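Given the coordinates of chain A, assemble chain B onto it according to the supplied hints.
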Amino acid sequence: MRFRLVVMGVLAVVAFGANEAGLSQQSGAAKSKKAASAPAPRHDLSGIWAPATAPGAGIQAKGPYSMPDDGKPEHNPPYSALGLKALATHKALEGQHAVFPSTLSNDPRSICDPLGFPRADFYQIRYEQFIQNDREIVLLYEFEKRWRSIWLDRELPKEIPDNRWYGYSVGKWADDTTLVVQTVGVVGEPRAWLDETGRPISEDAKIEERFHRVDRDTLEWTVTIDDPQMYTKPWVAMDKFPMKLQPPDLDIWAKYQQEMICAPSDVKAYNDSIGGFESESR
Amino acid sequence: MNRKFLGVSVLVVMALFSLSMSAHHGNAGVEMTKNVVVKGVVTDWRWQNPHSILKFDVTADDSSIVHWAAETNNPADMVEKGWTAKSIKVGDEITVTLHPVKNGLPVGILVQVTLPDGKTLRTQYLKDN
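Protein chains in written order, with my numbering: chain A, 626 to 907; chain B, 8 to 136.
Just chain B, with the same shape it has in the complex:
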């Protein structure tokens, strides 16, 4: 189990340094019918186009850190769901629900976030949203 998390971390680092310029994309690489729930600490929150980006660290059982990245919608769509640029702050302790990518990397599409004060913000990807 611990080796698995370590392996994931290594792959994430590799991915961050090896990705070529690609693009705003379709959802073919994402398990759009599955949810993963993780708890972590926010390391970056970028309110931007084409998709806002949430990064957070999750500590595994062996104390290794898994660096997660989740994309959301653009600010215009997020506003419609009650989000703002200041909804999330670096250091916030959050619970994240996301659709994971198919290749197992700790990357996904954000479904909802529960903030430190217990408030939950959803995205358009929640099935009953």
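Isolated chain A, as found in the complex:
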């Protein structure tokens, strides 16, 4: 059977308000659906966690949960002169200064470079698994199938042998249900960005994460950036991002059928078919 073009024209005007709807930057667990939950266990973050408000709430395409790059002054990080200079060299695909066409972008993620840290916290937070023992917490990121060790039994290294994409992390319990994690020694400018909108991060950055288990089923995830090279003072990028505990037998990869991995051959197939189309003209 031969098919014909049925409609070439515009059929309808639709509102596009739900893109990555989960991106709604709601505040904290207070706005998540509250159900009766058992108290948080002491010194235990283990489990599979997912964004509490919506599956896409952790995508954060417009920037970190609490600091989207939307032009509002209160969402503008306190850039240093060097930070602004670095920012100007980044051609991001998202945010208020996104480049167009996309072929102009120099986002390292587009060539499948690792997100690195802390960008791993600010892009594609979906199902995240915490595996814990007395010595460490291993955080398994769904996106890119990456993992970090958060050591509980030691201090940060006095000297960094070499900067790493996911840095060096140690955690200390601030109280029965709050773990404070310090990370240093990350890969920074120009190889790694802080977020999707091209905000910079330097290799001298210190990143603090606070994981507060509000109750058995709710975890709040806060991230503070302290990077004197790029910013004049520390700032909170993600404030109490709510995560909900998932069933322990959840098989993420069985559910999704495929890992979320950036394969250069897949990117090539995408670019050959779709990407860069904006640069063509009739």
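To be clear, the hints were calculated from the coordinates, so they are not data collected in a lab.
Owing to the predicted nature of the structure, the values given are computational and were not obtained by experimental measurement.
BS3-like, lysine-lysine: derived pairs with alpha carbons at most 25 Å apart:
#	chain 1	residue 1	chain 2	residue 2
1	A	Lys880	B	Lys93
2	A	Lys797	A	Lys865
3	B	Lys96	A	Lys893
4	A	Lys770	B	Lys93
5	B	Lys109	A	Lys716
6	A	Lys880	B	Lys126
7	A	Lys869	B	Lys88
8	A	Lys880	B	Lys88
9	A	Lys893	B	Lys109
10	A	Lys880	B	Lys96
11	A	Lys770	B	Lys88
12	A	Lys893	B	Lys93
Covered, in the sense of this in silico footprint (three residues per stretch, anywhere, with C-beta under 8 Å from a C-beta of chain A), are these stretches of chain B:
#	segment
13	54–60
14	85–91
Label pairs and their in silico Cβ distance ranges:
#	chain 1	residue 1	chain 2	residue 2	range
15	B	Lys88	A	Glu699	31 to 39 Å
16	B	Ala35	A	Glu833	29 to 37 Å
17	A	Asp897	B	Lys88	22 to 30 Å
18	B	Ala35	A	Lys697	18 to 26 Å
19	B	Asp68	A	Leu707	56 to 64 Å
20	A	Trp776	B	Gly125	53 to 61 Å
We put the CB at the ideal spot given by N, CA and C, even for glycine.
For chain B alone, coordinates are given in the frame of chain A:
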């Protein structure tokens, strides 16, 4: 009209061979408030990151073939909407609704697909989805 379709086909071929490595992108180049509906035959279905890709051929009134390409979300997001890697097969006769690119090429962002058995699969881009 027929010349128009022929022109589009030529442009698509040119585009496929001239695109430089770009990237997973924002939506600035897409008419996100418009829908186009076309019927065609699936030529390729890639369930992949950063976006799955649906290619299909549409036969114009003059019998020329227009090669369409539509991107969708990544598999993780598609699963949430009821899709699987095997939702679409090469050779399937489908009706596609998509947001077209602004430059008029037969490329767009997938909104929904109606399969040969009449079942409709939607993406997050459907306004009431």
